[in-house]
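Undergrad: Keeping the supplied structure of chain A fixed, place chain B upon it in accordance with the hints.
Protein sequence lines, in the order shown, are assigned to chains A and B.
Heads up, the first sequence is in the numbering used here, so the first residue is 1 and it goes up one at a time.
Heads up, the second sequence is in the numbering used here, so the first residue is 1 and it goes up one at a time.
Think of the hints as simulated: they come from the structure by calculation, not from any bench.
Since the structure is predicted, the reported quantities are computational estimates derived from the model, not experimental observations.
Treat each hint with caution, since some may be false.
Said to hold, decoys possible - Which chain A residues face chain B? A few, computed with CB under 8 Å, are given here: (1) E41; (2) N42; (3) T238; (4) A239; (5) R317.
Glycine included, every Cβ here is placed at the ideal spot set by N, Cα and C.
There are 2 protein chains.
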Amino acid sequence: MTGPRYTKLIESLPSSVPFVAPEQMERQRGAPFLARLGANENIFGPSPKALEAIRQAADNIWKYGEPDSHALRHALAAHHNVGPENILVGEGIDGLLGYLVRLLISPGDPVVTSDGAYPTFNYHVSGYGGQLHKVPYKDDHEDIQALINKSKSAKAKLIYFANPDNPMGTFYPGADITAALSDLPENCLFLLDEAYIEFAPEGTSPEISTDDPRVIRMRTFSKAYGMAGARVGYAIGTADLIRSFDKIRNHFGMCLLSQAGAMAALEDQEWINQTIEKVSQSRTAITDIAAQNGLTALPSAANFVTVDCGVDGDFARKVLSGLIEQGVFVRMPFVAPQDRCIRISCGREADLEHLAKALPIALENAK
Amino acid sequence: MTGPRYTKLIESLPSSVPFVAPEQMERQRGAPFLARLGANENIFGPSPKALEAIRQAADNIWKYGEPDSHALRHALAAHHNVGPENILVGEGIDGLLGYLVRLLISPGDPVVTSDGAYPTFNYHVSGYGGQLHKVPYKDDHEDIQALINKSKSAKAKLIYFANPDNPMGTFYPGADITAALSDLPENCLFLLDEAYIEFAPEGTSPEISTDDPRVIRMRTFSKAYGMAGARVGYAIGTADLIRSFDKIRNHFGMCLLSQAGAMAALEDQEWINQTIEKVSQSRTAITDIAAQNGLTALPSAANFVTVDCGVDGDFARKVLSGLIEQGVFVRMPFVAPQDRCIRISCGREADLEHLAKALPIALENAK
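Bound-form chain A, shown alone (with noise of 0.2 Å):
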């Protein structure tokens, strides 16, 4: 008896995962993690309101959730002050690159991003076969005008740009982005993720009308919304754009626990000034303790500081390795230069105590 006959495209593909989770590290190492500040999640958590929608919501687990996400697409809508026709509610960010990927992305075209960028967009451009073009960081951010540059080079049908970026925390003032858009050549779109926009300055979000066929936007409530577990990301962007997602997505695919979280959290505003403060001083606190280990914490407009190891990939490696060793997860940037530099998300005092303690020892094993 003979296998399943997979396509070519699966078949050049690598068997290997983006990311190994921290469970699994966990099972692994034989014990728990003392701290959990590897995958930028946001341990102080959601509005308790939204943890009071989906415990009720939980009574109504036996009907499916709404294809459209009515609701919770209409209350964002309001909130960003579009319309609902510009709004897409999709399974996290991760989700919705897929589908975006598998609209514009045929085997060979050409898809421009930076060099050691989100690793899970990268994923489904290979995963459809695109042909992705990588521009180096410039001073530890995303270098805006080179991706352009590389997009007419390449005839990119694609750019993603991160704002603020991940795994660096930098960021561009939403200006300077308006301003680089006037160069992007004809019939690229320009995707820009901001998963992390509501820890950045006010500004960080460059004003984009809902009639730019140019860009589209993302957005999740896995970070400042403190959801991740939920899968509850978002696009906005023009009505056509918005409306040819449904001709491939999993319409069904929304989890109506997670649709009823988001919507009572979305409400909760209040709470989300509270987790920026929050994760506010966490940054200043993890800045503290690099610098106490004679280390230079990157300015972050994130929930999480990249830490200068002040070496090389190789150092980085070895202090995460020696972090991960005594129980604190944290990640570090996987490409050259930025790997000097390791990953650490904002948490709670507790977990910085851990940090704090694990760090001076990581470092002096490391050399």
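TA: Frame of chain A; chain B shown alone:
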């Protein structure tokens, strides 16, 4: 300014949406349904232990769910007496169907299904450019021998077969499927959708070794487990086939609450037995209501009853409209001659009272 460049395949796809949600129909009619009996949801709901697990898990919603659904996958493996490497958990069977089609189907690749079978499967096949070959139903059953014959002549890469069938509720004994498989052509994957299997008589699910590369089986927590809103489906297949999904799936696509709820629901098999009994009683009640109105209910092995309205599609569509106007949400097969029927999901006594009241009026008005 010009818009994004979609792939040729995307441009060729229709903009229509597979199912209109009952909530949208409610908005259109300006009133909620009195009885929600159209989507084959399980109104008897999940185990209270599943609800408790969801409410407990809410406190962890700030974390991403495990990308490999480790705990649930291992529990399912034990439940089915297979290896965890033979189980893939995904965003409902709908999500898994999309992934499977993507693994196998390139534009033009032949796929076989029954004419009038699950539309979401067809949606995914069309979405990846596959060529659908449809075989007529035979006596309101999917015609397994004709499906296999067609897969030979069309050189199909994939056959879709649901047992029990939706929308007709009919089924084959598992031994018939095992026997038919002996005639399956080389390299054609047999996709066995067992969404409704828990409601069917003993022996309906065929014995198939997880070493058998010809078959993938799909199951769900949406039906017997009463958790449609949670979006948890799973596939059982060879380790090779299961692993291949890792090349393309949304690794962080599962809701953490849903994973926790499904774990607890799986453990409470006593609740499932009670649900099966309630569904059985409801099937009898729907059959009686049909008979009181001079209509014949098809014998059903699922949580719905398909009722032959005795004339043709036009007549049945009028009956359906009449029920919906009266606040009774039901659906019907899309394709002749099955579309002489309407499909009524099992419900509680109160739900069926609405049906009993509305059906004679709908029939009278349809004449």
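Undergrad: So which of those numbered hints doesn't the model satisfy?
TA: Hints 4 and 5 not satisfied by this model.
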